[in-house]
Amino acid sequence: MSVFRFQHFDVIQSKNPLKVGTDSMLLGSFIDPASASTALDIGAGTGVLSLMVLQKNPSIQLDAVEIHSDAAEECTLNLKNSPWGNSTQIHAIDFLAFYPSKQYDLIFSNPPFYLDGLKSGDKQIDQAKHISRETYELFIQKTSKLLSENGRFYVIVPFDQFDYLLNVAKQNGLYPSQKITIHSSEEKLNSRVILMFTKCEETLIESTLTVRLKGGGYTPEYIALTKNYHHTDLTAKN
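Read in this note's numbering, the sequence shown has 225 at position 219, and its numbers run on one by one without any break.
Mixed in with the good hints there might be a few duds.
Straight-line distance between alpha carbons at most 25 Å, and here's what the computed SDA-like set of lysine to any residue pairs gives [stated by the list, open to error]:
(1) Lys233 - Ser75
(2) Lys25 - Thr82
(3) Lys62 - Thr225
(4) Lys176 - Glu192
No wet-lab data here; the hints were simulated from the structure.
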């Protein structure tokens with residue numbers, strides 16, 4: 007059994023096509039759920055983002071949507087085994103076919119990485135890693151409809167998808183208020199972007215974060231950001 011251990015919970019990931027990685031650690035650490043009472047995790051996978059959010063705000067009532075039945079099963083198990091199992095409901099369904107009766111104060115997602123990319127032929131892996139432009143636009147459109155008037159939407163995307171996402175978001179009444187450019191290392195710049203969208207146009211706050219040093223160890227800023235989650239001491243690896 008493949009298990010990723012955090013300080014306050016474990017994530018079983020034997021059946022999930024996507025394992026816990028740096029993108030999830032970054033996005034989950036950046037999300038601020040303090041003012042939210044309801045939250046939605048789109049494409050929950052293992053449930054790692056939901057768990058990270060619930061650790062920060064255990065009082066949130068959270069819905070997690072996952073299209074793959076095996077992944078949804080593991081997500082359910084991970085949340086059930088956590089201290090916050092009573093705060094969550096897992097929906098094994100395509101997000102575009104999900105019709106809740108409420109809006110959410112907080113929505114977050116780590117969507118498929120490849121936009122109209124070459125697929126592998128494995129249906130489960132392709133659905134987890136690939137998305138068409140048409141589906142992407144429907145995803146953003148629906149997210150906007152489900153976000154409350156004062157809600158926040160957090161997402162992480164490859165750096166080269168930033169302009170496209172910005173366009174689609176603005177067409178659907180979502181405006182960036184925070185942008186964090188992620189450098190994988192001091193030698194590999196502009197790999198990811200974390201964005202927070204709201205329904206109000208605000209002055210964009212921009213920052214950067216570098217994950218690894220030239221020698222391969224983690225930067226002090228990454229260690230500080232994720233210190234409440236990592237089970238192992240990252241400073242020992244530098």
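Each hint, compared with the structure:
Between lysine 233 and serine 75 the CA atoms are separated by roughly 32 Å; this puts the pair beyond 25 Å, and the hint is violated. Our distance criterion of 25 Å between C-alpha atoms is met by lysine 25 and threonine 82, whose separation comes to about 16 Å. Of the supplied pair hints, the one linking lysine 62 and threonine 225 holds, its CA atoms being roughly 23 Å apart against a limit of 25 Å. Taken as a hint, the lysine 176 and glutamate 192 pair is broken in the structure, with Cα atoms around 32 Å apart against an allowance of 25 Å.
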